[in-house]
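Engineer: So the protein lines, in turn, are chains H, G and Z. Counting along the first sequence from 1, when you hit position 109 you're at 109 in UniProt numbering, and nothing is skipped either side. Counting along the second sequence from 1, when you hit position 111 you're at 111 in UniProt numbering, and nothing is skipped either side. Counting along the third sequence from 1, when you hit position 71 you're at 71 in UniProt numbering, and nothing is skipped either side.
What the hints contain is simulated information worked out from the structure, not anything from laboratory work. Be aware that a few hints might be false.
[Unchecked claim] Mimicking SDA-like on lysine to any residue, the simulated pairs with C-alpha atoms at most 25 Å apart in a straight line are:
id	chain 1	residue 1	chain 2	residue 2
1	Z	Lys-85	H	Pro-261
2	G	Lys-101	Z	Ala-247
3	Z	Lys-93	Z	Arg-37
[Claimed, not checked] Facing chain Z, from chain H, some residues (calculated, C-beta under 7 Å):
id	residue
4	Thr-30
5	Lys-32
6	Gln-97
7	Arg-101
8	Pro-104
9	Phe-105
10	Leu-107
11	Gly-108
12	Ser-110
13	Thr-157
14	Ala-224
15	Thr-227
16	Asn-231
17	Thr-260
In this text the structure is predicted, and so the values were computed from the model without any measurement. Note that the Cβ used here is the ideal one computed from N, Cα and C, for glycine as well.
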Amino acid sequence: MTTLAADQPATARVASSAPRAINVLRLHLTNKWTTLGTPLLILTFIFAVNYVIWLLIYTSTPEAARTAAGGNQYVEGTQYSGSTFYIFIYMLVIAIQVVLRTFPFALGFSITRRDFYLGTALLFGVLAAIYSVILTIMSYIEEATTGWGLGGHMFSTVWFGTGSLGQRLSSEFFAFLFFFFVGAAISTVYLRWRATGMIVLWGSIVLIGVAAAALITFANGWPAVGTWFLNAGVYGVVLWSLVITVISAFFGFRILRRATPVN
Amino acid sequence: MIEDGRPIFVQIAEQIENDIIDGSLPEEGQVPSTNEFAAFHRINPATAGRGVNVLVENGTLYKKRGIGMFVSPGARERLLAARRDMFEKQYLRPLIAEAAKLGITRDQIAKLLQKDEV
Amino acid sequence: MSVVEIANLTKRYGSVLAVNDVTLSLEQDIIHGLLGRNGAGKTTLMQLLTGQDFASSGSISVFGAPPVENARVLQNICFIKESQKYPEDFRAKHVFTNAPLFFENWDSAFAEQLVAEFRLPLNRRIKKLSRGQLSSLGVIVGLASRAPLTFFDEPYLGLDAVARQLFYDRLLEDFAEHPRTVILSTHLIDEVQNLLQHVIVIDEGRILVDSDAEELRGSATTVAGTARAVDAFTLGRTVLSRQGLGALAQATLSRLSDEDRAAAAAAGLDITPVSLQQLVVSLSETAQAASAHSGTSAQLGTSTTSTQREK
Chain H
1 MTTLAADQPA TARVASSAPR AINVLRLHLT NKWTTLGTPL LILTFIFAVN YVIWLLIYTS
61 TPEAARTAAG GNQYVEGTQY SGSTFYIFIY MLVIAIQVVL RTFPFALGFS ITRRDFYLGT
121 ALLFGVLAAI YSVILTIMSY IEEATTGWGL GGHMFSTVWF GTGSLGQRLS SEFFAFLFFF
181 FVGAAISTVY LRWRATGMIV LWGSIVLIGV AAAALITFAN GWPAVGTWFL NAGVYGVVLW
241 SLVITVISAF FGFRILRRAT PVN
Chain G
1 MIEDGRPIFV QIAEQIENDI IDGSLPEEGQ VPSTNEFAAF HRINPATAGR GVNVLVENGT
61 LYKKRGIGMF VSPGARERLL AARRDMFEKQ YLRPLIAEAA KLGITRDQIA KLLQKDEV
Chain Z
1 MSVVEIANLT KRYGSVLAVN DVTLSLEQDI IHGLLGRNGA GKTTLMQLLT GQDFASSGSI
61 SVFGAPPVEN ARVLQNICFI KESQKYPEDF RAKHVFTNAP LFFENWDSAF AEQLVAEFRL
121 PLNRRIKKLS RGQLSSLGVI VGLASRAPLT FFDEPYLGLD AVARQLFYDR LLEDFAEHPR
181 TVILSTHLID EVQNLLQHVI VIDEGRILVD SDAEELRGSA TTVAGTARAV DAFTLGRTVL
241 SRQGLGALAQ ATLSRLSDED RAAAAAAGLD ITPVSLQQLV VSLSETAQAA SAHSGTSAQL
301 GTSTTSTQRE K
């Protein structure tokens, strides 16, 4: 059929899925304020608040006590600061929102679910890289200035920002990926099964949690659990979180492949 | 204007015929393009094209390749002859039927026609 | 050449049959009207054709392949949905910065022209747009994307008469210059009927009409007069609908020949043509009456059921 042959170039142009996934990434980054601007602004604000607190502690400490130990000392207890934790939660929310709101829009722009998911995973990778680099750089500055000259901890805590450069970067990067893919997976459950999916998901999470706690209690296993966490260390726990990240990413993709836009 | 309930291409063909009969489209004159008809009447271009094609097929219009549509020589005379044939069926019959319904005799119709001829 | 081929397509939501055993093909470079009442299954059918939803059974082929998760097929499609969702933080302008990434025929100059003509505020958040502005946004994307297969699902909700006319004019102009397959879904039939080349009427998930628009335009006639004369004339003919008012009645019949018309005139009946909208209403009523009586939908030309309304 000659008409068919003539139509082939127009209708059968095969776009490889990589460029389309990159276009999805560009779609996600349309409004950089949401994914980069606002979180960094809030981080700056939290830093400012922390700084004021450190300053208050610093000035209220007698100078003799400060110099007795030979220079600036860290403010006790701030190594347990969870100030940067907010940014992980913020990224969890971003992941939920991006999948929930951009997915129906992407389908409207004739994007396949596969390309959407790949592009979204790329976004997660890019954001995780940017934020872990920022947090790592800040942790080194914090160390070099002995807590910004005031002995405060925010970016180098017992959770993150200690150890080698590779450990700092990778632990933060993996932690970000964890929150991104878990958030995305939650959204895919909603997109696929709506409210019923949410009830079943949270119901089973609570059930599994309670069952596990009960099991550990009956088996007198809490000390063993505690030892495991101590032995694994923060970095070990982060590495173990990769298992959940990978499972979330895999099932998120499988679930999204059969999801339909919210009407 | 396009009216409901009748195929649009028939109406387009009729309108072109009317324009030829009343002389606004002279013989050998160029007829607006299909897209111009479509835009003017706010109808689908393919439907307008179908109306024009009816007239090309019966020889009222002819195509000059790459230029457009033109009114065929002698088209007006042929259309007039065809319309005269239609006149009785289209106008006279319904008139007589309606008159009969109202009890108006043929003589009375004739008188009315003469009176109207002012 | 057909762009879309559907065979025995069914979509079931729980116990509801949104699309019920539909077999259909859509020809290339034609403006189709997908007509029907709200909830008739128009949007579901389009979601199935664009791979947004999954069929319960049956087959769909778009540009020769199933559309679901098929980038090669989908990149030729633009689906402007009435209920389209946008990312939370989007302003109208963001839609236009992204459109060229996904529609390869995107015409930025045309989009700019349309934005000015529809007076769309580009800097406003999409959440803050009025219903009409939201519709304008969709219409502009649908036109400027020039996708080989474009769906408009109730594209003009909230648009005023001027904007609607603007949409029809631009659609016709652009279609003439860049022919493509368009599916215009609507329940406002009167306004769009002259744009359509092909008409599909869907009711309760079933196809009632799948016909050339021009054939449909002359296909029904209403005869009116005394009930006795109407009944005598309609005896043995296909009646699409009948309404009575005391001793008077009117009936909508399928196509009448010239002899039929002469006979009706001779019987003292008034003959008026039926608009597409009236025809669709008559057919839907007939189908409803038929399914209420026997549980099956009526097909055009085979039903002799008549609906009666006494006032």
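Engineer: Does each hint hold? Answer for all of them.
Structural biologist: Comparing the hints with the structure gives:
A C-alpha spacing of about 9 Å is found between Lys-85/Z and Pro-261/H, which places the hinted pair at or below 25 Å, so the restraint holds. At most 25 Å may separate the alpha-carbon atoms for a hinted pair to count; Lys-101/G and Ala-247/Z meet this at roughly 19 Å. With a C-alpha separation of about 33 Å, the suggested pair Lys-93/Z and Arg-37/Z falls outside the 25 Å cut-off, and the hint is violated. Using the Cβ-Cβ criterion of 7 Å, the hint placing Thr-30/H at the interface with chain Z is satisfied: the shortest such distance is roughly 5 Å.
With 7 Å as the threshold, the beta carbon of Lys-32/H stays out of range of chain Z, its nearest partner Cβ sitting at about 10 Å, so the hint is violated. Because the beta carbon of Gln-97/H sits about 6 Å from the nearest beta carbon in chain Z, less than 7 Å, this interface hint is met. Because the closest C-beta pair between Arg-101/H and chain Z is about 5 Å apart, less than 7 Å, the hint holds. The criterion of a C-beta within 7 Å of any C-beta in chain Z is met by Pro-104/H, whose closest approach is roughly 4 Å, and the hint holds.
Because the closest C-beta pair between Phe-105/H and chain Z is about 5 Å apart, less than 7 Å, the hint holds. Hint status for Leu-107/H: holds, given a least beta-carbon distance of 5 Å to chain Z, under 7 Å. The beta carbon of Gly-108/H is positioned within 7 Å of a beta carbon in chain Z (closest approach about 5 Å), and the interface hint is therefore held. Because the beta carbon of Ser-110/H sits about 4 Å from the nearest beta carbon in chain Z, less than 7 Å, this interface hint is met.
For the restraint placing Thr-157/H at the interface with chain Z, the shortest Cβ-Cβ distance is roughly 31 Å, beyond the 7 Å limit, so the hint is violated. Hint status for Ala-224/H relative to chain Z: violated, with the closest Cβ pair at about 45 Å, above 7 Å. Annotation: interface hint on Thr-227/H violated; nearest CB of chain Z at approximately 44 Å, more than 7 Å. Annotation: Asn-231/H was flagged as interfacial toward chain Z, and the flag is violated, the nearest CB pair being 43 Å apart, outside 7 Å.
The beta carbon of Thr-260/H comes within 5 Å of a beta carbon in chain Z, closer than 7 Å, and the hint placing it at the interface holds.
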